[in-house]
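S.K.: The primary structure of each chain is shown beneath.
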Amino acid sequence: MDTYYNPSDLAKFGDIGQEAPEMAKKFFDYYASVFAEGELTEREKALIALAVAHAVQCPYCIDAYTSACLEKGSNQAEMTEAVHVSCAIRGGASLVHGVQMINNCKKVSM
Amino acid sequence: MDKTFQEKLLENKLLLHRDGAEILQVNVGRLCNLTCRHCHLNAGPGRTEVMDKDTMTEVIAFANRFQFKTADITGGSPELVPDIDYLLLELRPLVNDLILRTNLVLLLQEDYRHLLDLCKELKVVLTASFPSTNANQTDAQRGKGVWLDSVEMLHRLNAMGYGMPDSDLKLNLVSNPTGAFMPVDQCRAEKKFKQDLARKWGVHFTNLFTFANIPLGRFRSWLESSGNLAQYMEKLSSGFNPATVKGLMCRTLISVSWDGYLYDCDFNQAVDLPFSGQKIHLTKISKIPPGIPIEAGDHCYACTAGAGFT
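Protein chains in written order, with the working numbering: chain A, 1 to 110; chain B, 1 to 310.
Pulled out of the complex, with its shape left as it was, chain B reads as follows (with noise of 0.2 Å):
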């Protein structure tokens, strides 16, 4: 990698800037039944950082304000954060689209049954981490036995109605690649993980998402005992792509942590990389309006990769 992020937008006269805030991205705490290799965050069983009702309460005060035209919950593993009902009930009259990440295998556990049962009602968009239809490789990124409950738990969804054919319930997958390499095209993945996924396991969904994996957390950790860190950032950096600045999704997110400040992104949530370079709390903000800097790293060269990927 021969130029920093920064210096690479420099070097084509680019500018990343905020054009406003149309989706609202919540983290709600760093707890996970899962320790995933390639996760930015380092999140697992033993985090403590959760977000309590009184900033979910916040959130929603906040969310009032905006308009946002997306609420996307995220962690973590978003089940396990007590009152994480009462965010997803608030939120839902106030945004068109409210999307709850699941890493699928909680939900198996009857303990979960209500959270499905409400996020049904809600038509809320479930977007499940699903890497690869390949079992070993998902177990090497997510765990011992992960893509067997996944299976599983697809298999429940699309009972419920989620992901189906002409279904409003959208069950939507993502895919990261399982390990030091690129994401496919995602129109193909997506034909190709549909066509697997029905004639192998009968299983269905709406949409894939393929994504870079950022070279933060967990997975940088990784990338860096297996030898391949050097390798993995100079494929990202060699792989820039001007043209796809400009449709960065941090230029209209905006992203809250488990206690409540903003960043730019939940990668920039990873580094304390703060929304317009100093920590805010989202009660203390009464606009955000186009414009203002969106705070980079090299990890940034993830999302500007090929097509992009965000």
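Excised from the complex, chain A in its bound form (with noise of 0.2 Å):
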């Protein structure tokens, strides 16, 4: 192995069930549920799942979301917006917990 990660291996997913069956079964039966139509449609589902892949940082899953997302009807700026949808939650809270070094500041300063 020359690389942590091997885009062939996103195909193997399902080995994950074999010495751990019923658990991988209930896993890929939910996974299966919450990507069905449902309230939201399976494209805007795609897209969420594009987002939270970036902030995950998971490329078997930004591969697998991209195709997705076209195949789901999706085009790249709406796929692009997504992303920064994802950087800004992101950014936002490390930016957040800054209000978290504002309070320590006052606590221990004059």
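Please keep in mind that the hints were generated in silico from the structure rather than gathered at the bench. Virtual Cβ for every residue (Gly too), placed ideally from N, Cα, C.
Dumping the calculated BS3-like pairs for lysine-lysine here, alpha-carbon to alpha-carbon at most 27 Å: (1) A:K45 - B:K191; (2) B:K69 - B:K53; (3) B:K287 - B:K53; (4) B:K192 - A:K45; (5) A:K45 - B:K194.
One-sided excerpt, in silico: chain A residues whose CB lies under 7 Å from chain B: (6) S67; (7) L70; (8) E71; (9) G73; (10) N75; (11) Q76; (12) A77.
Hints given; two lone chains; assemble the complex.
M.R.: Pasting the structure below:
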């Protein structure tokens, strides 16, 4: 192995069920239910997944949900905006903790 | 891809046979003003294959003999073909629906105003390529500036009544994916295109068709050079849906090439896979009975993946 990530490994996701098939089945059944059309469309769910994939920085998920978004009818501009949502929440989460920094500063400062 | 398309049919105990011939598709040539990267025919400005008036006359006689419900004129760019007006005028009374494919951008030129007026007069259905509501993705497939010109032309067609709600002038759009991925479900894509085009650009159309790109011609070259061919063929073949086979367009469509030879579909023209396995000119055929086997290759996987695309 010369890299931790290999694109062909994505297709092996199901292998995770080899040692714990019941848990894997429950997970994949749940996963399929989550992404089925519901109050949100499959297209909207794929966009959320794409944004989350960038937040957790999972290359498998970015690969899978880039294709899924395109095939569910999102265009590249919409996908880019979804990534910006992810970026804004991640960045905002850091920045809003600055309030804790300010509080701590106030507490220990004259 | 572990099996050829023919092996896949055998495995599923399916026969791909003709049901008859209700749709006449006429490919009037490979000359085109655009060089789209997904074109299965390698059409472009440098091509010289164009249907002449004598062959058009033979096509018209053929349509008279067979009484097709629909005639679908495609290319290349049909607008560039001399005497295209003649073909439209003569085919009009012979079919219920007469379709003209257009890439939209040529029609912007004043030289083609008369063709537009003729289409309106004859109530020709216009079927226009419009892959994406995104300008960059459209231009990546069809060429720089095509998206803006296409939207401008759609505005003009709407102003003529084409594609407007309740109008009898039909303007259909065709969306092929702008890369090595599958098309969007047609109903959902149509709903979204209608919302987006009306909301953002005030454009209206009648119906949207979504088709998979065929792994032939310029698109195949791109798949090879970009390293996407194996993955794309795997995607198509793994998506094989046996239920689509009985509804494939090739069961009821006969495709005529620019020089008057017969094929089961436009894609078979691209690989010179003629109707019934031998090159037959349309003047030499008196009947197209049900039961004739349809010539098939691995590119047919593009029409049988998922819900099917034809």
